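For the sequence shown, this note's numbering gives the first residue as 127, with consecutive numbering after it.
No lab work stands behind these hints, which were simulated from the structure alone.
Quick caveat: nothing in here was measured; it's all calculated off a predicted structure.
Any given hint could be a false lead.
Stated by the list, open to error - Taking CB as the label site, the calculated pair distances span:
no., residue 1, residue 2, range
1, I152, G506, 25 to 31 Å
2, E435, P371, 51 to 57 Å
3, K251, Q309, 34 to 40 Å
What the hints assert, rightly or not - When the alpha-carbon atoms are kept at most 27 Å apart in a straight line, the in silico DSSO-like pairs for lysine-lysine are as follows:
no., residue 1, residue 2
4, K334, K251
5, K176, K221
6, K216, K196
7, K216, K258
8, K259, K206
9, K360, K484
10, K143, K156
11, K206, K216
12, K372, K360
13, K217, K185
14, K315, K221
15, K221, K343
16, K206, K185
17, K176, K217
18, K396, K421
19, K376, K462
20, K167, K156
21, K339, K310
22, K339, K196
23, K216, K176
24, K259, K396
25, K199, K221
26, K199, K376
27, K199, K370
28, K315, K376
29, K363, K206
30, K343, K421
31, K216, K185
32, K199, K156
33, K206, K167
34, K251, K199
35, K339, K421
36, K315, K339
37, K259, K360
38, K185, K221
39, K143, K185
Cβ atoms here follow ideal geometry from the backbone N, Cα and C, with glycine treated the same way.
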Amino acid sequence: MADKNVISKDHLEMDTKKEETYQRLISLMKSIRCMTPCHDKIEMYHRVAKQLGDLSGYKESEEYRSECIKLAKQTQEDIKQRIYSLAVRKKNSAKLASDYRAARDEFRRIPGYLDANELALECDKTSNMIEKKFIMRRVIISSLTVLVVILAIVGASLTTTKYYFAKAAQNIHAYETAIITYQKLGNYKDSEERLIECQYQNGLELAKEGSYKEARKAFAAAGNYRDSDVQKVKMEKLIIRNAKPKDNVKVGDTEWRILELQNDRALLMKRNAMSEMPYHDVAGNVTWETSSIRKWLNSEYLEATFSEEERKQIILSDVVNNDNVAYGTDGGNDTKDYLFLLSIEECEQYQSLFPEFKNNFWLRSPGHSSDSAAFLSVNGQIMDYGYIATCNEMMIRPIFWFKID
């Protein structure tokens with residue numbers, strides 16, 4: 127009788143485990159449905175199907191197993207549809223040869239799906255056509271440049287000839303050649319006005335080719351012509367979006383080191399340290415909020431360094447001013463700033479991205495006392511003990527968040 131009880135108990139435990147496994151797999155199946163179509167999702171469906179197969183004959187295991195296999199196949203189709211839709215969007219918005227190649231590569235991930243093969247071939251042809259046009263344009267420009275040199279050798283007696291040559295180059299969109307010639311002509315007739323127009327048009331051509339750095343230079347050279355400043359900022363954003371942390375980029379009249387990239391913004395730090403200056407110009411207690419360096423950065427320096435359009439892209443940031451952990455010195459109130467200095471914590475976070483330093487520079491965090499501020503030493507050590515705030519032997523490297531969306 128005791129043996130029968132043991133056997134009955136074992137069967138009960140087995141049935142309980144089966145039921146637990148069965149319910150867990152059904153629950154997992156429902157959870158997988160919520161996942162975005164991906165290869166991991168397919169793999170998970172196959173695993174659940176296999177485990178349901180091990181429960182063959184138990185309740186509706188076989189029906190659920192068949193459903194898992196169907197869902198895995200459907201997910202595969204969903205993935206192809208997502209890739210196809212992405213490729214179509216890329217193709218429709220493509221402008222540069224590289225854009226069409228990116229769309230082509232997506233279509234080639236799903237060979238035989240709908241008209242993916244035909245669209246990949248179309249993208250390839252368009253990309254090659256754009257590149258041929260680009261090469262032809264460069265050949266024309268190079269040829270015209272040679273003519274410019276010849277004209278320069280001939281001498282100033284052909285000034286009128288040079289002028290009409292520059293106009294001809296401008297009319298066929300050989301802007302770089304026209305720019306060189308107009309620069310040599312100086313204030314002859316309307317050469318200066320035409321030079322600026324060519325700088326702007328050259329910027330638009332370079333932007334189409336994806337030469338964003340050169341386009342930025344061209345728009346900067348165009349000054350206030352049309353929307354040159356707006357176009358220049360667009361190029362700055364594209365340059366940053368195509369860069370990575372530790373790269374150097376130019377915004378305003380200054381080069382900046384990228385410390386962090388997010389979807390819609392980038393944290394930039396001045397690449398080269400600025401002149402030595404005090405953290406605060408009056409002896410006594412000071413925090414970042416009350417410092418003269420904060421006031422100067424967010425007024426005179428901001429206005430002098432960036433154009434109006436660039437200033438619109440600088441984010442008014444919530445700046446946290448922590449106390450000095452080692453000495454308990456009050457960090458003061460949190461602030462809202464366009465430009466600010468690194469804190470001790472931020473310095474620790476981004477230090478691996480810094481360029482080589484040849485000078486000490488201020489941090490915004492307080493030092494060991496209320497009349498001092500922390501700094502980063504020339505050998506890369508964070509000096510949380512700090513130095514007297516009125517010391518004018520420290521340099522500064524301002525940082526700011528810049529919109530890139």
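key: Hinted pair K315 and K221, Cα distance within 27 Å   = violated (37 Å)
request  = Given the hint that K199 pairs with K376, test it: the Cα-Cα distance must not exceed 27 Å.
outcome  = Distance ~50 Å between K199 and K376 Cα, so the pair is violated.
key: Proposed proximity, K339 with K315 (alpha carbon, max 27 Å)   = violated (31 Å)
Hint consistency between K206 and K216 [alpha-carbon to alpha-carbon, up to 27 Å] = holds (15 Å)
message = Given the hinted pair K221 and K343, is their Cα-Cα distance within 27 Å?
response = Given that 27 Å is the threshold and the Cα spacing comes to 21 Å, the pair holds.
ask   = Does K251 lie within 27 Å of K334 when you go C-alpha to C-alpha?
value = Roughly 18 Å separates the two Cα atoms, so the pair holds.
ask   = Under the criterion that the straight-line Cα-Cα distance not exceed 27 Å, is the pair K315, K376 satisfied?
value = violated (34 Å)
Proposed proximity, K185 with K217 (alpha carbon, max 27 Å) = violated (50 Å)
message = Hinted pair, alpha-carbon criterion (27 Å max): K216, K176. Please report holds or violated.
response = violated (38 Å)
inquiry  = K185 and K221 were given as a pair; does the straight-line alpha-carbon distance stay at or below 27 Å?
reply    = violated (58 Å)
inquiry  = Holds or violated: K199 and K156, Cα atoms, limit 27 Å.
reply    = It holds: about 16 Å lies between the C-alpha atoms, which stays within 27 Å.
Hinted pair K206 and K185, Cα distance within 27 Å = violated (34 Å)
Figure legend: structure checked against the earlier numbered hints; hints not met, in rising order: 1, 2, 5, 6, 8, 9, 13, 14, 16, 17, 22, 23, 24, 25, 26, 27, 28, 29, 30, 31, 34, 35, 36 and 38.
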